[in-house]
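Asker: These are the residues of each chain, in order.
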Amino acid sequence: MMDIVIRLAGAAGQGVQTVGEVLARAAFRSGLSLYAEQSYHSRIRGGENAFALRLTEGTAWGTREDTDLLVALNQEMLDNYLPTVADGGLVVCEAELEAAGKVIRIPAGQMAKDELNLPIAANMVMLGAAARVVGIDEQVLSEVVREAFGDKAELNLKALALGGEHAGKPLLQVPLSTYSRGERMLLTGGEAVGAGAIAAGCRYLSSYPMTPGTAVLTYMANQAGRWGLVVEQAEDEIAAINMALGAAYAGVRSLVTTSGGGFALMVEGLSLAGMIETPVVIHIGQRPAPATGLPTRTGQEELLFAVHAGHGEFPRYVVAPRTAEEAFYLTAKAFDLAEKYQIPALILTDQYLVDSYSLCEPLDAGRVAPRSYLLPAGELAAMESYDRFALTASGISPRAAPGVSEKLVLVDSDEHDSYGRITEDLQIRREMTEKRLRKELALREDVAPPTLYPDGSLEGRTVLLGWGSTYGAIREAVDMLNADGGSYALVHFSEVWPLRTQELEGFFAEAACVVAVEGNATGQLARLVAQQTGLRVQGRIGRYDGRPLTAEGIVREVGR
Amino acid sequence: MPVKEKKQAPPPEIAQGRHPMEKYLRTDRIPHIWCAGCGLGTTVSSFLYAMDNLGLDPDSVAVISGIGCTGRVAGYVRMDSYHTTHGRPIPFATGLKLAKPDMKAVVFSGDGDLFAIGGNHFIHAARRNLDINVICVNNLNYGMTGGQAGPTTPLGGRCTTSPYGNFEHPFNLVYLAASAGAPYVARWTSLDVRRLQRAIEEMLVRKGFAFLEIIAPCPTNYGRRNKLGEGLDELRYYAEHAVIEHGADPADTEILPGKDFLVGKFVDEEEPTYWEMYQDKVAELEGGRR
Ligand code: SF4
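Chain order of the listed sequences is D and A. Taking the numbering used here, the leading residue of the first sequence gets 18, the next gets one more, and so forth. Taking the numbering used here, the leading residue of the second sequence gets -1, the next gets one more, and so forth.
If you're looking for bench data, these hints aren't it; they were derived computationally from the structure. Any given hint could be a false lead.
What the hints assert, rightly or not - Straight-line Cα separation of at most 25 Å, PhoX-like style, residue types lysine-lysine; simulated pairs:
no., chain 1, residue 1, chain 2, residue 2
1, A, Lys225, D, Lys130
2, A, Lys225, A, Lys98
3, D, Lys169, A, Lys98
4, D, Lys175, D, Lys130
5, A, Lys205, A, Lys279
6, D, Lys357, D, Lys452
Unchecked claim - Okay, the calculated bits of chain D under chain A, using three or more residues with CB under 8 Å as the criterion:
no., region
7, 55 to 69
8, 234 to 241
9, 250 to 257
10, 349 to 357
None of the values given here were measured: they were computed from a predicted structure. Note that the Cβ used here is the ideal one computed from N, Cα and C, for glycine as well.
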């Protein structure tokens, strides 16, 4: 089966991301199954900026650690990634760089300067060369470049041609197409969260920039005109979440996006959302912490924080999508359940998921069309009296928007009675606490169970237990281990709170052994499972160096 | 989709390149990460020359930065330094100053860090009047994270988070600092290296809270998105539009795109400082006990 990994690497400012995106889009237009991952330093100039694109005839669940074609834009990145080049792999690099092995040297800087009088187009010369070596359809590539650069396309097209000519003949072979145009979508996790929110009826976002959560802020800002969104860049995260609560009180579905550090500032507002029973959706793009940590790297360090954050006791819903496709649907589900139960809902992604490109079937907005849980104005007007926090069997009280009838909609951060008036009546306090917590009973039933891969009995198998964006890596690791005669399975959580425990008991009873595989150092899901069920994993695999877990890495760890 | 890159490649590294202020620099951290044409390098130089001219012992000065391009200053100076979380350099400097009053605390940070997420801390520090120097490099946007709009982005300014142009009124930092009670307020552009140096010298030796705004180009983000040209073009713009008027009313110092704006020293007053009042109180109480 054809399966190649192309790795573009240079310094920040050399246009690696631009070139990578163009290449990925050209592969997408050509119907190739692909996955693309980005890794970069937290700086505007220099450092590392890498874009890995895997093309395969199977399903690409991630990229690979090794490289079939390394395209290096500077010496540092050449040295850095040369060890990953597989046997028989190729290197395309700037003419003056030093490397042993099969190297195709392109004087890209020179050509861009001398022949185009546009030194910055060196990266496009390299792209032309790389595309030729790989055998990407150059017609399609030109089409993508034309769209991307608009009226500045001509020089870039010339740059592509120069690079291609210099590279000569194709040396690799692209995999066969597996779909035709229109049958798939190409998107990043960040775009998927934004699109899912819009499809679910979200029309308001207030946030403060924090990598990698900013991707959703930028996406929404750019979609604002098309969908009639209000996008407000707040002065900090405390303001952001309180603004969102104000909008949600007004009846508008609201989103905030941030990372762990920003979420830390939002925690007061999270607790407020719990108290005033006002829905809000919080996207947390995880990155390594504590504090500023590694701003542009990835990790899974906020599971326990997301589940436990906030003073006081109140229900919440927490999801951790495995792919961009799932990020779309689970973001929409987060909005739905936040509205249905009048609770905060949290979406845990990470830099890896937010910045990676993957394919999916065309997203179906119809499947997640918003259902209104707000009390219609007419019904509200017809009511004799309106109690915003009426005590009900389900714990869910009728939620009305303010200003639609003469009935008042009162909310209070202090403990309050069913009308919304501040109270210190201890009997009411007890009833209100129980009412708020009662909502979790039905919420639990709305949470999807963990999934099992491959299906079948777990008898004698080792279960790798994971959550969130590591799904693809663990799944591929399971396939590799089983192909090697092993007996492994993946149990994976995409909806992590309230934690579904029924299935877990069965899995633990049946499996020979359970190993938690997580992007953190302390095994946060393993700890959550132990806390909720008393079940303990027999082993843990953790990665916390800021890079995503890989299938190869998991297989290595299992072997130890 | 792809963005147009800056036209010029960074200049080649000068082998064995030395900086005259090397004694104040962590040379092992050089080359720095800032873009060619960025205003940050010159502002740091001015600070170092000011230190040198005053003959300050680097051990007597702590540099505290927040997060962002300017936030990286703390990492390049050979002084005790602290790279805080986003927005928090002023509270950290406050604690440092209260616990170790004989150490000079210089906060070096950006407009987003000091005036968005850290805005509350700034106004209270100005009011509190401890001996803290705050140097804000204002480049009109968030550079490090790719050019989001910020609290100083001009109306209409294009940023990644204001693709339709910004429609939030920006702060006039000079006016803000003055109205919050800062007894020393000055503004220069990153072109005015000598004046910057002199202003920093004044700040370093004076008592009380001192605020300096440095208008600096960010050719990579704000400049590029708003078609202001290269770093040099932006500097030329500032050279043509900055009008020196010491003592001008801070209310008149607004910066508007395409219009002249005022630079200079706007406030220089003697106000009793927190530390003086604190010491007086201590002396009074001790006197009473005896
Ligand atoms: S992004 Fe802007 S502020 Fe940051 S280093 Fe580059 S030019 Fe300077």
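Asker: Which of the listed hints are broken here?
Answerer: Of the numbered hints, 2, 3 and 10 do not hold.
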